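Which chain is which? The protein sequence lines are A and B, in order.
Reminder that position 80 of the first sequence reads as 287 in our numbering, one-by-one numbering, no gaps.
Reminder that position 66 of the second sequence reads as 273 in our numbering, one-by-one numbering, no gaps.
Calculated directly from the structure, the hints in this document are not laboratory data.
Note that the structure is predicted; figures quoted are calculated from it, not measured.
Each hint should be verified, as a subset may be incorrect.
Intra- or inter-copy, both count: the list cannot distinguish identical chains.
In silico DSS-like cross-links for lysine-lysine, where the CA-CA straight-line distance does not exceed 27 Å [what the hints assert, rightly or not]: (1) K261 with K240; (2) K215 with K261; (3) K311 with K332; (4) K332 with K261; (5) K380 with K407.
Protein chains: 2
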Amino acid sequence: MTDFARTKAQFDLPDGMIYLDGNSLGPLPTAAKARVAQTVAGEWGQMLITGWNKAGWMAQPTALGDRIGRLIGAAPGHVVLGDTLSVKVYQALAAAVDLVPNRKVILTDNGNFPSDIYMAEGLIKSLDRGHELRVIAPEDIADAITPEVAVVMLTQVDYRTGRMHNMKALTAKAHSVGAGTVWDLAHSAGALPVDVAGCKADFAVGCTYKYLNGGPGAPAFIYVAPHHIGTCQPALSGWLGHEAPFAFDLDYRPGTGIERMRVGTPPVLQMAALEAALDIWDKVDMHALRAASVALSEQFITGIEAVCPMLALASPRDPAQRGSQVSFRFDQGYAAMQACIARGLIGDFRAPDIMRFGFTPLFIDAGDVDRAISIVADVMQNRLWDDPIYQTRAAVT
Amino acid sequence: MTDFARTKAQFDLPDGMIYLDGNSLGPLPTAAKARVAQTVAGEWGQMLITGWNKAGWMAQPTALGDRIGRLIGAAPGHVVLGDTLSVKVYQALAAAVDLVPNRKVILTDNGNFPSDIYMAEGLIKSLDRGHELRVIAPEDIADAITPEVAVVMLTQVDYRTGRMHNMKALTAKAHSVGAGTVWDLAHSAGALPVDVAGCKADFAVGCTYKYLNGGPGAPAFIYVAPHHIGTCQPALSGWLGHEAPFAFDLDYRPGTGIERMRVGTPPVLQMAALEAALDIWDKVDMHALRAASVALSEQFITGIEAVCPMLALASPRDPAQRGSQVSFRFDQGYAAMQACIARGLIGDFRAPDIMRFGFTPLFIDAGDVDRAISIVADVMQNRLWDDPIYQTRAAVT
Numbered sequence: 208m209t210d211f212a213r214t215k216a217q218f219d220l221p222d223g224m225i226y227l228d229g230n231s232l233g234p235l236p237t238a239a240k241a242r243v244a245q246t247v248a249g250e251w252g253q254m255l256i257t258g259w260n261k262a263g264w265m266a267q268p269t270a271l272g273d274r275i276g277r278l279i280g281a282a283p284g285h286v287v288l289g290d291t292l293s294v295k296v297y298q299a300l301a302a303a304v305d306l307v308p309n310r311k312v313i314l315t316d317n318g319n320f321p322s323d324i325y326m327a328e329g330l331i332k333s334l335d336r337g338h339e340l341r342v343i344a345p346e347d348i349a350d351a352i353t354p355e356v357a358v359v360m361l362t363q364v365d366y367r368t369g370r371m372h373n374m375k376a377l378t379a380k381a382h383s384v385g386a387g388t389v390w391d392l393a394h395s396a397g398a399l400p401v402d403v404a405g406c407k408a409d410f411a412v413g414c415t416y417k418y419l420n421g422g423p424g425a426p427a428f429i430y431v432a433p434h435h436i437g438t439c440q441p442a443l444s445g446w447l448g449h450e451a452p453f454a455f456d457l458d459y460r461p462g463t464g465i466e467r468m469r470v471g472t473p474p475v476l477q478m479a480a481l482e483a484a485l486d487i488w489d490k491v492d493m494h495a496l497r498a499a500s501v502a503l504s505e506q507f508i509t510g511i512e513a514v515c516p517m518l519a520l521a522s523p524r525d526p527a528q529r530g531s532q533v534s535f536r537f538d539q540g541y542a543a544m545q546a547c548i549a550r551g552l553i554g555d556f557r558a559p560d561i562m563r564f565g566f567t568p569l570f571i572d573a574g575d576v577d578r579a580i581s582i583v584a585d586v587m588q589n590r591l592w593d594d595p596i597y598q599t600r601a602a603v604t
Numbered sequence: 208m209t210d211f212a213r214t215k216a217q218f219d220l221p222d223g224m225i226y227l228d229g230n231s232l233g234p235l236p237t238a239a240k241a242r243v244a245q246t247v248a249g250e251w252g253q254m255l256i257t258g259w260n261k262a263g264w265m266a267q268p269t270a271l272g273d274r275i276g277r278l279i280g281a282a283p284g285h286v287v288l289g290d291t292l293s294v295k296v297y298q299a300l301a302a303a304v305d306l307v308p309n310r311k312v313i314l315t316d317n318g319n320f321p322s323d324i325y326m327a328e329g330l331i332k333s334l335d336r337g338h339e340l341r342v343i344a345p346e347d348i349a350d351a352i353t354p355e356v357a358v359v360m361l362t363q364v365d366y367r368t369g370r371m372h373n374m375k376a377l378t379a380k381a382h383s384v385g386a387g388t389v390w391d392l393a394h395s396a397g398a399l400p401v402d403v404a405g406c407k408a409d410f411a412v413g414c415t416y417k418y419l420n421g422g423p424g425a426p427a428f429i430y431v432a433p434h435h436i437g438t439c440q441p442a443l444s445g446w447l448g449h450e451a452p453f454a455f456d457l458d459y460r461p462g463t464g465i466e467r468m469r470v471g472t473p474p475v476l477q478m479a480a481l482e483a484a485l486d487i488w489d490k491v492d493m494h495a496l497r498a499a500s501v502a503l504s505e506q507f508i509t510g511i512e513a514v515c516p517m518l519a520l521a522s523p524r525d526p527a528q529r530g531s532q533v534s535f536r537f538d539q540g541y542a543a544m545q546a547c548i549a550r551g552l553i554g555d556f557r558a559p560d561i562m563r564f565g566f567t568p569l570f571i572d573a574g575d576v577d578r579a580i581s582i583v584a585d586v587m588q589n590r591l592w593d594d595p596i597y598q599t600r601a602a603v604t
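Excised from the complex, chain A in its bound form:
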């Protein structure tokens, strides 16, 4: 059983802050300070170029990938880290489309994160072979998986509402008509148990700076199913995905395993921070995490609905249909969230009217949720959003 009081003690959290935004950027694992400092001063500073071998920098993308693999149901050797999530979406989608050359429809939903859609648009433009990006409502996806679909590309958990797709059922549906799947786990990895192998997902990608607490700008990850790994073709064929990067051959030959999805030099300092975060994750049971996440989310919904009738639940009421966040609609949501933030409750806002709260049992407990409910109640009952200081929007929200 995971001891969440113990995991909470392993994070640096500002005094008096209730941080319900671990779904945007996870907090600092205390050990990351020393780990990054050691990488900077002891590895970079003292080992210099030899750090690639001596400090294991070159192997980190697969070594840490294996540790993330456990959290998403992937066997060792099927996950690698690197680049940003958008780049990993591009790689996964390009490879998935390439496996079904005679089909032209890429199916996604309008709850997908916009960058995934943008990257698909860019890929389709480059390919220039008549592909269509079909963007429909999330609830219509299952019925729209028809034999003309090449790839179903979805984010499992909606970034605004927390609405969750049934990954196993939709993947099975896709396979039943001969389509492939690309799953974006940005709001799933570290949020709930994921079983990419059990679901038979073809490709999956995700980021490590949200629930996984890898730090701002931490690298993304990509998973490739065992039966594709030897055949899928990397569109971004960089030297570190080459079978023999240091042979400096003039022709590209993809690496034999998941390494073929590597592109360029890994971000060593970011990897060090992520490693400290994974030291905490290594001891977490994902089913215990899910149970705690559901309990916190239910406590929050019940508490808010009892005292804030102006807030309309935007997330699915059934916890089985929801990721690890709870969102409410409110037309003055931006200002109301600013008022919460000013009182030490950090959530975030997504246009046009979503107030979003993430529940992360590694560092949030029932007492935090009680305090969060009190702050939201104060903001709502006293119409604190009316104060003009909360109305001005920052560039990044």
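Position chain B against the provided structure of chain A, taking the given hints into account.
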């Protein structure tokens, strides 16, 4: 005038080590330790999600890009940081090819860094429109720039020998036949004065972990000429290259300026280290740097040739044809370099027989070069490479 004794004092260099490998991975600027620690503990730890605005994380890719711009002759607003160099090569080449839709030849040389060639192969495969990657000898490039060429894609300074292309002349030749140019400045930026605007280069890319001392895995940069910036189409159309990333629109619209070459979330911890490195670079005169680099390189060549007749100069003898490194050929080069490294002289080896030494006036002085010559002389005159302990190759060299 740049005071190189003062810049040298701003780096952490291991005691007794002569580091002639700043062309692979620059050393640690002392200030980077506190700068990164502050970003980890003070920014990530205390500001959490608000760091994107409060700590300026979101603006770093263009703010630091402008500071790199000065070093390569770009006006503010034309350089942005992010991703790895291979990804930036892909973006630049895709945009350059797209500007000349009726031509199919991408011209490069066999001295280009292999990853650039691999990325071009991958792009050509995705485009599937009959493009040809023409890989020829560096000395034949000028004559091969014919009206069928769409893009000339070159690394200015050869990573093995330091041989330098004439960027201005080749760009002019390319333009005279209606071709575009993509210049890889991996071994130029921070090595010598570069004038991308004066040369009228169309696109340029480079990395920041070599001469620029940004640390292992520091982000790459891309430059787009003013006359292309409003028209070139990003192939990797990620959300941070969108005109309004936080509007979360479902359709991609490229940003108005160099921002369109951004893709995903910037690597904040890496940026912090790079910022500390640029604090040193901001005060460096690039012409003074070049004069010092040539003086050190000439001192090394003269010294080595006087005492090591077995070593054959692989770099151009004329400093005007050379970047900031000096290479020698020796058939036991790998073992000889290992013997040098064991004695505190760090250079590197590139197959099949290149011993490579980088000259970086920011932290290498004439006394270091004298000591380096003595170590090489000891290794060569006493045949130290014969020792079997130097013969075993590491995975990363």
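Verification of the hints:
Taking the shortest Cα distances, K261 and K240 sit within 27 Å of each other both inside one copy (21 Å) and across copies (20 Å). Taking the shortest Cα distances, K215 and K261 sit within 27 Å of each other only across copies (25 Å), while inside one copy they are farther apart (32 Å). In this assembly of identical chains, K311 and K332 lie within 27 Å of each other by CA distance both inside one copy and across copies; the values are 13 Å within and 17 Å between. Taking the shortest alpha-carbon separations for K332 and K261, neither the intra-copy value of 43 Å nor the inter-copy value of 37 Å comes in at or below 27 Å.
With identical chains, the CA atoms of K380 and K407 are at most 27 Å apart within one copy only, with a shortest distance of 11 Å there and 53 Å across copies.
In the structure shown, a violation is registered for the earlier hint numbered 4 alone.
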